[in-house]
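Chains as they are written, first to last, in the working numbering: chain A, 2 to 78; chain B, 12 to 585.
Each hint should be verified, as a subset may be incorrect.
Claimed, not checked - Computed list of chain B residues with no C-beta within reach of chain A, every gap over 12 Å:
| no. | residue |
| --- | --- |
| 1 | Q84 |
| 2 | S281 |
| 3 | G294 |
To be verified - Okay, the calculated beta carbon distance ranges per label pair:
| no. | chain 1 | residue 1 | chain 2 | residue 2 | range |
| --- | --- | --- | --- | --- | --- |
| 4 | B | S99 | A | D73 | 29 to 37 Å |
| 5 | B | P320 | A | D72 | 53 to 61 Å |
| 6 | B | H31 | A | E71 | 25 to 33 Å |
| 7 | A | D72 | B | A331 | 38 to 46 Å |
What the hints contain is simulated information worked out from the structure, not anything from laboratory work.
For clarity, every value in this text was computed on a predicted model and none was experimentally measured.
Where a beta carbon is used, it is the ideal one built from N, C-alpha and C, also for glycine.
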Amino acid sequence: MKARSLLMALLLMAVLFASAPDLVSAQGKNACKGKNKKNCEVPEVPWTLVLPIATAAIAGGYYLVQRRREDDLILDR
Amino acid sequence: MTSASVPLPRATPLTFIRRHWRLVAVVVLGLGPFLPSILAMREFLLADNALGFTPFALPAAAYLFWVRSRNDQKPTDRDILVDLFVMSPLVVSAFFILFITPSSLSWYFWLNRVDLAALAPWATAVALTFLGYQRILQTWPAWVMLIFTWPYPAVWVQRVLTPLFVDVTAAVARYSVDFFRLPYDVDASEPQVFVSTHLPEADNFVLVVGQLCSGTSATIGFLIVGATLAFLSRGSAGSRVRWLAAGLVLAFVSNLIRVVVLLTVAGQVSRDVAVEQVHPVLGMVLFCVVIVVMLLLLKPFGLRFDPVPHGRRLAWEPVAGGGKALRLLWVLMVAAALGIGGGVAQAQQFDFIGVGDGAPAVSVEDERGIIPELPGWKIIHETEISWTDLFGGTSRGDVFTYYSTDWQQLGDPQIGVQTVVTEDRATLERYSLEQCIDFHQRDLEARRAVDIGYGITAYILHDTYEDIPSSVLYWVMPVNVDGEVRHARIALFGDAEALTALPGSEAASPQGTSATSRFGQALENAMDGLPDPADDLRADVDRGLVGHAIAIVDVMVQTGGPGVLEEAEATAAP
Numbered sequence: 002m003k004a005r006s007l008l009m010a011l012l013l014m015a016v017l018f019a020s021a022p023d024l025v026s027a028q029g030k031n032a033c034k035g036k037n038k039k040n041c042e043v044p045e046v047p048w049t050l051v052l053p054i055a056t057a058a059i060a061g062g063y064y065l066v067q068r069r070r071e072d073d074l075i076l077d078r
Numbered sequence: 012m013t014s015a016s017v018p019l020p021r022a023t024p025l026t027f028i029r030r031h032w033r034l035v036a037v038v039v040l041g042l043g044p045f046l047p048s049i050l051a052m053r054e055f056l057l058a059d060n061a062l063g064f065t066p067f068a069l070p071a072a073a074y075l076f077w078v079r080s081r082n083d084q085k086p087t088d089r090d091i092l093v094d095l096f097v098m099s100p101l102v103v104s105a106f107f108i109l110f111i112t113p114s115s116l117s118w119y120f121w122l123n124r125v126d127l128a129a130l131a132p133w134a135t136a137v138a139l140t141f142l143g144y145q146r147i148l149q150t151w152p153a154w155v156m157l158i159f160t161w162p163y164p165a166v167w168v169q170r171v172l173t174p175l176f177v178d179v180t181a182a183v184a185r186y187s188v189d190f191f192r193l194p195y196d197v198d199a200s201e202p203q204v205f206v207s208t209h210l211p212e213a214d215n216f217v218l219v220v221g222q223l224c225s226g227t228s229a230t231i232g233f234l235i236v237g238a239t240l241a242f243l244s245r246g247s248a249g250s251r252v253r254w255l256a257a258g259l260v261l262a263f264v265s266n267l268i269r270v271v272v273l274l275t276v277a278g279q280v281s282r283d284v285a286v287e288q289v290h291p292v293l294g295m296v297l298f299c300v301v302i303v304v305m306l307l308l309l310k311p312f313g314l315r316f317d318p319v320p321h322g323r324r325l326a327w328e329p330v331a332g333g334g335k336a337l338r339l340l341w342v343l344m345v346a347a348a349l350g351i352g353g354g355v356a357q358a359q360q361f362d363f364i365g366v367g368d369g370a371p372a373v374s375v376e377d378e379r380g381i382i383p384e385l386p387g388w389k390i391i392h393e394t395e396i397s398w399t400d401l402f403g404g405t406s407r408g409d410v411f412t413y414y415s416t417d418w419q420q421l422g423d424p425q426i427g428v429q430t431v432v433t434e435d436r437a438t439l440e441r442y443s444l445e446q447c448i449d450f451h452q453r454d455l456e457a458r459r460a461v462d463i464g465y466g467i468t469a470y471i472l473h474d475t476y477e478d479i480p481s482s483v484l485y486w487v488m489p490v491n492v493d494g495e496v497r498h499a500r501i502a503l504f505g506d507a508e509a510l511t512a513l514p515g516s517e518a519a520s521p522q523g524t525s526a527t528s529r530f531g532q533a534l535e536n537a538m539d540g541l542p543d544p545a546d547d548l549r550a551d552v553d554r555g556l557v558g559h560a561i562a563i564v565d566v567m568v569q570t571g572g573p574g575v576l577e578e579a580e581a582t583a584a585p
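Produce the complete structure using the sequences and hints provided.
Here it is in structure tokens:
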């Protein structure tokens, strides 16, 4: 059951991380469409993107802790 | 019924394929045609606002589908009539979005990423065809989340909320400045502007509470992220809504804390540390704190976080019913998917525009930065028009004339131009040139949509002005004014008394327009109920105006717009 919980948490994180690899190409040559560079600033770290990824990590961790507590409660009984 | 009592088919390769091919069909036919549009969403990942959250909606929808796709209930038979009843409008709307709207929206189609608006209806229609409406109801959070992949609603909500959020945030910031005795002056006429007072006169700085500080990104971001977490939790719908509402309030409050800390650090440490480091990092940290707090609040709200699937039956397992009609429907959906894929591929014609930044730059500070110079023509700025009562206080209207470089007398090539640049696109629709003709009690004798290249649709209007047969050709396009998206209407005027093309010039052909735009233009001309411009008297005038418009758009796209050239000239000047 623990292995299954771990797998689920990892899968949850992996699915929600799915948009991260696109970041590399997004910061490439097409970021400003190659023209009209004025006012087109590509941030070094896209902070907004970090937030869903961090949320996924926190949610996965929360789920693992929750399952562990529930398993402990069952064992205590 | 328990999971142990559900009989499963024997695990042979054939049963495996029979069991799972419908899922493959939904993914390939539902999402496959939209692959170019999905890949083009990578730009959003760099956005420093709510737009950055929208690419996350697609994997979130996939995960929600995976979690909700399992249960232990015995599947009910397919009811193909109900499936068709729900599916047909979705298919029609997807085709309408991809094949009809590009011509009428021109560049706004890409600016608002309307192509992604077709994703949710199309993918849902495919799922209805291969899984049936019962399975759609079972997995409904996934299809709701798919709607969030269209960024326009999030951006629109952000735009609507920004003024209110800025006012509240600035009010809290002013209160904090008084309460903590921070060294800032705030002018009553500009309550969101904070001017430091603790440094020598030349070193004092200004902090402005704008959109980035308003908390709209954190609040809308939590709406998308929190909705996913709420869908992954078990409990009543009321509990989920209350939990989500509490999270939205908390996300907004977290931003108020960030702004107060920002002002404190800027006043006590340095502006650079506050703006460059505290501003982005604290926003991220506080958002994570909000997520942790809201996860811990799930239980008090009567919810239980349960992000894993339960049950052994899959939503895509074969079910009885449908017969030959269903198989025919599957074949039709494959053909329709090819059509949708074609529409999505055609929509990529606009990909050069970018999201806001790619629109041609226009300088409203100087009339030379509004329309471009063209070979063989000279531009004369006739006058600036005061139309701020119609198009908004920050709008600008101008009248120009393009004369051929060897113009000598009336009858030689010349084209009148009227431009309006405004923040409010709706005013251009409210005070259109068609209504202008009507307002001045002239007859709109003909109207026709024409292609002027790069996916822009222009309109030719015919009327008679002072007994002279006249033509107007106009189009509306987004333009970039100092990094802000504004809206320009450019109208070219010609009449039967003067040439509108240079002698000996060849008829120009529009560049880079897709078949979907041309199809939409043809449909609009067929259905607008107005006669086509067909008289020979103005045929040459129209040809000249269209060629001139094609040249203007071509120069704007190739050079980045007259505002860029204007800026380059100013930079080069000693």
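Evaluated hints:
1. Q84: holds (22 Å)
2. S281: With a cut-off of 12 Å, B/S281 remains clear of chain A, as the shortest Cβ separation is near 20 Å.
3. G294: violated (6 Å)
4. B/S99 <-> A/D73: 29 to 37 Å: Roughly 53 Å apart at Cβ, these two residues miss the hinted range, so it is violated.
5. B/P320 <-> A/D72: 53 to 61 Å: Check failed, 19 Å falls outside 53 to 61 Å.
6. B/H31 <-> A/E71: 25 to 33 Å: Roughly 31 Å apart at Cβ, these two residues keep to the hinted range, so it holds.
7. A/D72 <-> B/A331: 38 to 46 Å: holds (40 Å)
Hint compliance for this structure: hints 3, 4 and 5 are not met, and every other hint is.
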